[in-house]
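Go by the hints and put chains B and C onto chain A.
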Amino acid sequence: MHKLTVAELSKGLKNKEFSSVELTEHFLNRIKVSDLNAFITVTDDLALVQAQAADAKIANGNAGILTGIPYAHKDIFCTKGVKTSAGSKILDPFISPYDATVSHKLNSADMIMLGKANMDELAMGSSNEKSFYGPVKNPWNKNKVPGGSSGGSAAAVAGRLSPFATGTDTGGSIRQPASLCGITGIKPTYGRVSRYGMIAYASSLDQGGPLTQTAQDAALVMNVMAGFDEKDSTSVDRAVPDYTQNLGNSIEGLKIGLPKEFFSEGLDSGVAEVVMAAVKEFEAMGASVQEISLPNSAHAIPTYYIVAPCECSSNLSRLDGVRYGYRCENPKDLEDLYLRSRSEGFGAEVKRRIMIGTYALSAGYYDAYYLKAQKVRHLISEDFKKAFQSVDVIMGPVSPTTAFDLGAFKDSVSMYLADIYTLSLNLAGLPGMSIPAGFSNNMPVGLQLIGNYWSEEMLLNAAHQFQGETDWHSRLPEGV
Amino acid sequence: MQRINSKVRPIGIRDCQKGCSMVWETVIGLEIHSQLKTKSKIFSGASTAFGATPNSQACAVDLGLPGVLPVLNKEVVKMAVTFGLAIDAKINKRSIFARKNYFYPDLPKGYQISQFELPIVGEGEIEISTGDGKVKKVGITRAHLEEDAGKSIHDLYDDYTAVDLNRAGTPLLEIVSDPDMSSAKEAVAYAKKIHALVQYIGICDGNMQEGSFRCDANVSIRKQGAEKLGTRAELKNINSFKFLEKAINLEVERQQDILEEGGSVVQETRLYDAVKNETRSMRSKEEANDYRYFPDPDLLPVDIDDELLEQIRSNLPELPTEKKQRFVSELGLSDYDAEVLTSQKAVADYFEAMLDVGADSKLSANWVMGELSAVLKKNQTDIENCPVSAQAFAELVMRIADDTISGKIAKDVFKAMWQGEGSADEIINSKGLKQMTDSGAIEGIIEKIIANNSAQVEQYKGGNTKLLGFFVGQVMKATQGKANPKQVNQLLNEKLS
Amino acid sequence: MSLSEQQVKEIAYLARLSVDDGEVEQTTAELNNILDLMADLAKIDTQGVSPMSHPLNMSQRLREDEVSEIDQSQEFLAIAPQTGKNHFLVPTVIE
Numbered sequence: 000m001h002k003l004t005v006a007e008l009s010k011g012l013k014n015k016e017f018s019s020v021e022l023t024e025h026f027l028n029r030i031k032v033s034d035l036n037a038f039i040t041v042t043d044d045l046a047l048v049q050a051q052a053a054d055a056k057i058a059n060g061n062a063g064i065l066t067g068i069p070y071a072h073k074d075i076f077c078t079k080g081v082k083t084s085a086g087s088k089i090l091d092p093f094i095s096p097y098d099a100t101v102s103h104k105l106n107s108a109d110m111i112m113l114g115k116a117n118m119d120e121l122a123m124g125s126s127n128e129k130s131f132y133g134p135v136k137n138p139w140n141k142n143k144v145p146g147g148s149s150g151g152s153a154a155a156v157a158g159r160l161s162p163f164a165t166g167t168d169t170g171g172s173i174r175q176p177a178s179l180c181g182i183t184g185i186k187p188t189y190g191r192v193s194r195y196g197m198i199a200y201a202s203s204l205d206q207g208g209p210l211t212q213t214a215q216d217a218a219l220v221m222n223v224m225a226g227f228d229e230k231d232s233t234s235v236d237r238a239v240p241d242y243t244q245n246l247g248n249s250i251e252g253l254k255i256g257l258p259k260e261f262f263s264e265g266l267d268s269g270v271a272e273v274v275m276a277a278v279k280e281f282e283a284m285g286a287s288v289q290e291i292s293l294p295n296s297a298h299a300i301p302t303y304y305i306v307a308p309c310e311c312s313s314n315l316s317r318l319d320g321v322r323y324g325y326r327c328e329n330p331k332d333l334e335d336l337y338l339r340s341r342s343e344g345f346g347a348e349v350k351r352r353i354m355i356g357t358y359a360l361s362a363g364y365y366d367a368y369y370l371k372a373q374k375v376r377h378l379i380s381e382d383f384k385k386a387f388q389s390v391d392v393i394m395g396p397v398s399p400t401t402a403f404d405l406g407a408f409k410d411s412v413s414m415y416l417a418d419i420y421t422l423s424l425n426l427a428g429l430p431g432m433s434i435p436a437g438f439s440n441n442m443p444v445g446l447q448l449i450g451n452y453w454s455e456e457m458l459l460n461a462a463h464q465f466q467g468e469t470d471w472h473s474r475l476p477e478g479v
Numbered sequence: 000m001q002r003i004n005s006k007v008r009p010i011g012i013r014d015c016q017k018g019c020s021m022v023w024e025t026v027i028g029l030e031i032h033s034q035l036k037t038k039s040k041i042f043s044g045a046s047t048a049f050g051a052t053p054n055s056q057a058c059a060v061d062l063g064l065p066g067v068l069p070v071l072n073k074e075v076v077k078m079a080v081t082f083g084l085a086i087d088a089k090i091n092k093r094s095i096f097a098r099k100n101y102f103y104p105d106l107p108k109g110y111q112i113s114q115f116e117l118p119i120v121g122e123g124e125i126e127i128s129t130g131d132g133k134v135k136k137v138g139i140t141r142a143h144l145e146e147d148a149g150k151s152i153h154d155l156y157d158d159y160t161a162v163d164l165n166r167a168g169t170p171l172l173e174i175v176s177d178p179d180m181s182s183a184k185e186a187v188a189y190a191k192k193i194h195a196l197v198q199y200i201g202i203c204d205g206n207m208q209e210g211s212f213r214c215d216a217n218v219s220i221r222k223q224g225a226e227k228l229g230t231r232a233e234l235k236n237i238n239s240f241k242f243l244e245k246a247i248n249l250e251v252e253r254q255q256d257i258l259e260e261g262g263s264v265v266q267e268t269r270l271y272d273a274v275k276n277e278t279r280s281m282r283s284k285e286e287a288n289d290y291r292y293f294p295d296p297d298l299l300p301v302d303i304d305d306e307l308l309e310q311i312r313s314n315l316p317e318l319p320t321e322k323k324q325r326f327v328s329e330l331g332l333s334d335y336d337a338e339v340l341t342s343q344k345a346v347a348d349y350f351e352a353m354l355d356v357g358a359d360s361k362l363s364a365n366w367v368m369g370e371l372s373a374v375l376k377k378n379q380t381d382i383e384n385c386p387v388s389a390q391a392f393a394e395l396v397m398r399i400a401d402d403t404i405s406g407k408i409a410k411d412v413f414k415a416m417w418q419g420e421g422s423a424d425e426i427i428n429s430k431g432l433k434q435m436t437d438s439g440a441i442e443g444i445i446e447k448i449i450a451n452n453s454a455q456v457e458q459y460k461g462g463n464t465k466l467l468g469f470f471v472g473q474v475m476k477a478t479q480g481k482a483n484p485k486q487v488n489q490l491l492n493e494k495l496s
Numbered sequence: 000m001s002l003s004e005q006q007v008k009e010i011a012y013l014a015r016l017s018v019d020d021g022e023v024e025q026t027t028a029e030l031n032n033i034l035d036l037m038a039d040l041a042k043i044d045t046q047g048v049s050p051m052s053h054p055l056n057m058s059q060r061l062r063e064d065e066v067s068e069i070d071q072s073q074e075f076l077a078i079a080p081q082t083g084k085n086h087f088l089v090p091t092v093i094e
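Chains A, B and C, in that order, are what the protein sequence lines are. In terms of numbering that gives the first Met the number 0, the first sequence opens at residue 0 and continues consecutively. In terms of numbering that gives the first Met the number 0, the second sequence opens at residue 0 and continues consecutively. In terms of numbering that gives the first Met the number 0, the third sequence opens at residue 0 and continues consecutively.
Just chain A, same shape as in the assembly:
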């Protein structure tokens, strides 16, 4: 049962081949014996209650397409009555009193939440080694990282501990773990999915999206996750199409652009080979390929690592031990309360980024850092705008290498540099996908697809067509 996609599970439930309770129990058992550490909280009792309700609806003929389908929910989404930690000690005691809009939507579609997926603390990281709850293992090789920050979500799907998972992407946190774990992930256009209740890292970059086995599954879940939310000022009031409708369209004539900057030094040759082979596959389906240039790509790293820390340094000020979350023991005065709660509650990487952001916004440095970064951000956006005048979709690698070893990176900067291909997308607010494209050194390699604003349909269509011609997406890690 765990090898079935969401689409197949939906049919199976409808045809009464199995019940949602059976399905849920099956996954809960798998989770129980798993050593991937993909979950921070497993909500078994709640899940079974939800599954029973789903079965009742199915029996009555009131079911929707996704009724009774289990999923892993990244622990960055607030879930009412359920611990929401964002992978951090500072929120370890936090039982959210409200539901994120995305949580509410998934509940309303009668989906079954198996538990809250592990993640890099407060969404800062590319390896899921920075969680208060311990690192997550890559199901393809348990000595390696699954990627981050949605590492738990990706591992859960790759290890088939759940048929799909939710994630968030600020600088690549859906696409990169999807790539390293050999699954499909989509980061929608900024403003497509509500951020209300999604614990903020960098407000102008964050977007939530699904991690799934297939593009079709991603489309099914996008139909539920996407949509205008009046509680989120940055949510766009734009109709949500049925993302599954045009999956079957031919992609003949699709113009693909390959940024030359994405294929220069630093890219592992094995990864490059897989990516190029994947692109050839698209050509075989009738797409055309041309070289394009995104001249400001390299600047994405410093730009992102100023913008994101600046925004997060402010967003995380509310985690102060006063109204919720972790408070240090026996604070002797207010200063002590703040200093110790925050210093004890936050991990080292989070503290580093808060300090970088605080510095960059401080008097005398604002112009040189934050303001400058926002200008460069503009340039990066313009690069894409220009590129999309001549191509429909941009393709390239997601990560310069396949999954690296746990503990491989000793300093932050080396890991930051690996974000080179994914960051610029968030800065521009464009949608992007990662789909399994092959293997290098027995580890998965993802192909990145980048589309123009609101082109999720085109991306899902292209991905689906690719998945019709290849079977990378159905490969499973040993023992799954």
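Please note: incorrect hints may appear among the correct ones.
Taking lysine-lysine pairs in the DSBU-like style, the calculated list, with each CA pair at most 30 Å apart, reads [said to hold, decoys possible]:
#: 1; chain 1: A; residue 1: Lys31; chain 2: A; residue 2: Lys79
#: 2; chain 1: B; residue 1: Lys192; chain 2: B; residue 2: Lys322
#: 3; chain 1: A; residue 1: Lys88; chain 2: C; residue 2: Lys8
#: 4; chain 1: B; residue 1: Lys73; chain 2: B; residue 2: Lys344
#: 5; chain 1: A; residue 1: Lys230; chain 2: B; residue 2: Lys99
#: 6; chain 1: B; residue 1: Lys476; chain 2: B; residue 2: Lys410
#: 7; chain 1: B; residue 1: Lys322; chain 2: B; residue 2: Lys410
#: 8; chain 1: A; residue 1: Lys82; chain 2: C; residue 2: Lys84
#: 9; chain 1: B; residue 1: Lys38; chain 2: A; residue 2: Lys79
#: 10; chain 1: C; residue 1: Lys84; chain 2: B; residue 2: Lys235
#: 11; chain 1: A; residue 1: Lys82; chain 2: A; residue 2: Lys104
#: 12; chain 1: C; residue 1: Lys8; chain 2: B; residue 2: Lys99
#: 13; chain 1: B; residue 1: Lys150; chain 2: A; residue 2: Lys331
#: 14; chain 1: B; residue 1: Lys136; chain 2: B; residue 2: Lys241
#: 15; chain 1: B; residue 1: Lys77; chain 2: B; residue 2: Lys191
#: 16; chain 1: B; residue 1: Lys376; chain 2: B; residue 2: Lys344
#: 17; chain 1: A; residue 1: Lys31; chain 2: A; residue 2: Lys88
#: 18; chain 1: A; residue 1: Lys82; chain 2: B; residue 2: Lys150
#: 19; chain 1: C; residue 1: Lys84; chain 2: B; residue 2: Lys150
#: 20; chain 1: B; residue 1: Lys99; chain 2: A; residue 2: Lys331
#: 21; chain 1: B; residue 1: Lys73; chain 2: A; residue 2: Lys230
From chain C, some residues computed to sit far from chain B (all C-beta separations above 10 Å) [what the hints assert, rightly or not]:
#: 22; residue: Ser17
#: 23; residue: Val23
#: 24; residue: Gln25
#: 25; residue: Ala28
#: 26; residue: Asn31
#: 27; residue: Asn32
#: 28; residue: Lys42
#: 29; residue: Ser49
Residues from chain B shown here face chain C by an in silico Cβ test under 7 Å; the list is partial [stated by the list, open to error]:
#: 30; residue: Ala45
#: 31; residue: Pro53
#: 32; residue: Ser55
#: 33; residue: Asn72
#: 34; residue: Ala161
#: 35; residue: Pro294
Rather than coming from a laboratory, the hints here were simulated on the basis of the structure. Ideal Cβ placement from N, Cα and C applies to all residues, glycine included.
Just chains B and C now, with coordinates in the frame of chain A:
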């Protein structure tokens, strides 16, 4: 050493011990925080009603729970623009919300959403009366929108500070004046003018006790004629105009003392203590504070289109200045009277309602500013709660105009109306207070009095003209006050000459 | 742009993070390492380029002035570290 008569002492001249005299100039700017009287908060749908049980009006957004987001209240924008139009200011069609970052227990998010580089209202100005019949223009640098913080209560517990977040998120319009005021009196005049204006245009209830209208004063002094501004101190925790004046004067003295002793003024925030009547340095919660302002990424630029602007402009009530001019030019009122009647909207409304019913403008003006005002004050009531409606009061005034009763009798009638005894006419009739206007009858009474008081008549004719009052009094006594005073005077003069 | 240890302590305090004498050297080195990444930013020509604070070219939506929230104080106080008499409590603050 020059002796200066303290009665004619100009502001700022002091004798110092050393036998010289330095002339100081005071420079004051006011920052006024005006709570906008919307139903819900600026960024959330929680209620702004005053006096609720602690934390019962603090929703998830106000509490700064992880993941919550702000959404802007339309009414707040309209109110800010209304204010901008009322002070003839530049309205910035695009304005940006920025985060002001600092840590304090009643600031849930660890930042206040405010406006920094691009406020919604730009430069404007307002006129104040400087008391000697002159007016002075005070510039307003800007007015911007921001959210209020919650309340920290230090005396609920011995070892703890208690935090109530009901107030967190209440919309504020911060009105910043240019440093144009040169005395505490001018500062108070300005503050009062703004206070009246924001109530006038319906954006704020002006309740200083409840904290809906708060004034902070930036005070500095410099040698008269100097160009550079002195170092300023910011005075906070002032919740009445009386205290504003006191606090500023105290501060000016304090700074003069420091400078005359050769010291220098420290830029700091000082709290005014009304009980001790002193200001003291605020223990730096904002010590070396770097607020790290940057545009709030959870909010988008506020763009005001022409349609909205026109809609607000057309809904603008007649502003006090326009109304005052109209009172002077169309109703023939004096400048002073027009100023008083238009200083509060409720008073202007009351007055105009009287005219609507047909009362004479000058007479109404006198009676509103005189007797009505006195009785309201005596009973500690404001005009909104006056038990006598404008229409009823107008009727009373019209009875004076048509000579039904005299002004003196009218005061008694008013007292009875206040007690709820009925309308002017009802009381006049039931108490038989109609004025005696029959000249013949009055003449008859006058003749009787003259006949009975020959001594006084002699003295009067002999030059003691003050005795007219005596005769008037006698006539009034004989007529129970009902004789028409004008006629009495006229006839007495005739008969006694 | 290199930070001194003193600066690092000041920045940490602004963010209410403590960096004690034992950690400051390492933290300073780490932060400077990250800041080196930014060094190139200064060289990029952004003459005439406006800053982009949002991917969306949109105006702020305005909501109607209506009360839509109910009293949830008991739920919110229930998850707080310390409360009393319907208030959130912190150690006494002297103003």
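Hints, verified against the model:
1. Using a Cα cut-off of 30 Å, the hinted pair A/Lys31 and A/Lys79 holds, with the two alpha carbons roughly 23 Å apart.
2. For the proposed pair B/Lys192 and B/Lys322, the alpha carbon gap of about 15 Å is at most 30 Å, so the pair holds.
3. Distance check on the hinted pair: A/Lys88 and C/Lys8 sit about 23 Å apart at the alpha-carbon level, within 30 Å; holds.
4. Restraint check for B/Lys73 and B/Lys344: satisfied, since their Cα atoms lie roughly 24 Å apart, inside the 30 Å limit.
5. Our distance criterion of 30 Å between C-alpha atoms is met by A/Lys230 and B/Lys99, whose separation comes to about 22 Å.
6. About 17 Å separates the Cα atoms of B/Lys476 and B/Lys410, which keeps this hinted pair within 30 Å; it holds.
7. Annotation: proposed proximity of B/Lys322 to B/Lys410 holds, straight-line Cα distance about 29 Å (limit 30 Å).
8. The straight-line distance between the Cα atoms of A/Lys82 and C/Lys84 is roughly 26 Å, inside the 30 Å bound, and the hint therefore holds.
9. Pair hint B/Lys38 plus A/Lys79 holds up; C-alpha atoms about 28 Å apart against a cutoff of 30 Å.
10. The suggested pairing of C/Lys84 with B/Lys235 holds, with an alpha-carbon distance near 28 Å, which does not exceed 30 Å.
11. Between the alpha carbons of A/Lys82 and A/Lys104 the distance comes to roughly 18 Å, so the proposed pair stays at or under 30 Å and holds.
12. The straight-line distance between the Cα atoms of C/Lys8 and B/Lys99 is roughly 21 Å, inside the 30 Å bound, and the hint therefore holds.
13. Distance restraint check for B/Lys150 and A/Lys331: the Cα-Cα separation of roughly 21 Å lies within the 30 Å cut-off, and the hinted pair is therefore satisfied.
14. Of the pairs offered as hints, the one joining B/Lys136 and B/Lys241 holds, with about 22 Å between alpha carbons and a cut-off of 30 Å not exceeded.
15. With a C-alpha separation of about 23 Å, the suggested pair B/Lys77 and B/Lys191 falls inside the 30 Å cut-off, and the hint holds.
16. Distance check on the hinted pair: B/Lys376 and B/Lys344 sit about 17 Å apart at the alpha-carbon level, within 30 Å; holds.
17. Among the hinted pairs, A/Lys31 with A/Lys88 is consistent with the structure: their alpha-carbon atoms are about 23 Å apart, no more than 30 Å.
18. Our distance criterion of 30 Å between C-alpha atoms is met by A/Lys82 and B/Lys150, whose separation comes to about 29 Å.
19. Our distance criterion of 30 Å between C-alpha atoms is met by C/Lys84 and B/Lys150, whose separation comes to about 14 Å.
20. Distance hint between B/Lys99 and A/Lys331 is fulfilled; the C-alpha atoms sit about 27 Å from each other, no more than 30 Å.
21. For the proposed pair B/Lys73 and A/Lys230, the alpha carbon gap of about 14 Å is at most 30 Å, so the pair holds.
22. For C/Ser17, the condition that its CB be more than 10 Å from all CB atoms of chain B holds, with the nearest at approximately 13 Å.
23. No beta-carbon of chain B comes within 10 Å of the beta-carbon of C/Val23; the shortest separation is about 19 Å.
24. For C/Gln25, the non-interface assignment is confirmed: its Cβ lies about 24 Å from the closest Cβ of chain B, beyond the 10 Å cut-off.
25. Against chain B, the non-interface label of C/Ala28 holds: every CB pair exceeds 10 Å, the least being about 24 Å.
26. Against chain B, the non-interface label of C/Asn31 holds: every CB pair exceeds 10 Å, the least being about 20 Å.
27. No Cβ of chain B approaches the Cβ of C/Asn32 within 10 Å, the least distance being about 23 Å, so the stated non-interface status holds.
28. Here C/Lys42 stays apart from chain B, with its beta-carbon at least about 23 Å from theirs, past the 10 Å limit.
29. Consistency note on C/Ser49: stated as away from chain B, and its beta-carbon is indeed over 10 Å from all of that chain's, at 12 Å minimum.
30. For B/Ala45, the interface hint holds, since its Cβ comes within 7 Å of a Cβ in chain C; the closest pair sits about 4 Å apart.
31. The beta carbon of B/Pro53 is positioned within 7 Å of a beta carbon in chain C (closest approach about 4 Å), and the interface hint is therefore held.
32. A least Cβ separation of about 4 Å between B/Ser55 and chain C falls short of the 7 Å threshold, and the interface hint therefore holds.
33. A cut of 7 Å between beta carbons decides the hint on B/Asn72: the least distance to chain C is about 5 Å, and the hint holds.
34. Taking 7 Å as the C-beta cut-off, the interface hint given for B/Ala161 holds, the closest approach to chain C being about 4 Å.
35. For B/Pro294, the shortest C-beta to C-beta distance to chain C is roughly 5 Å, which falls under 7 Å, so the interface hint holds.
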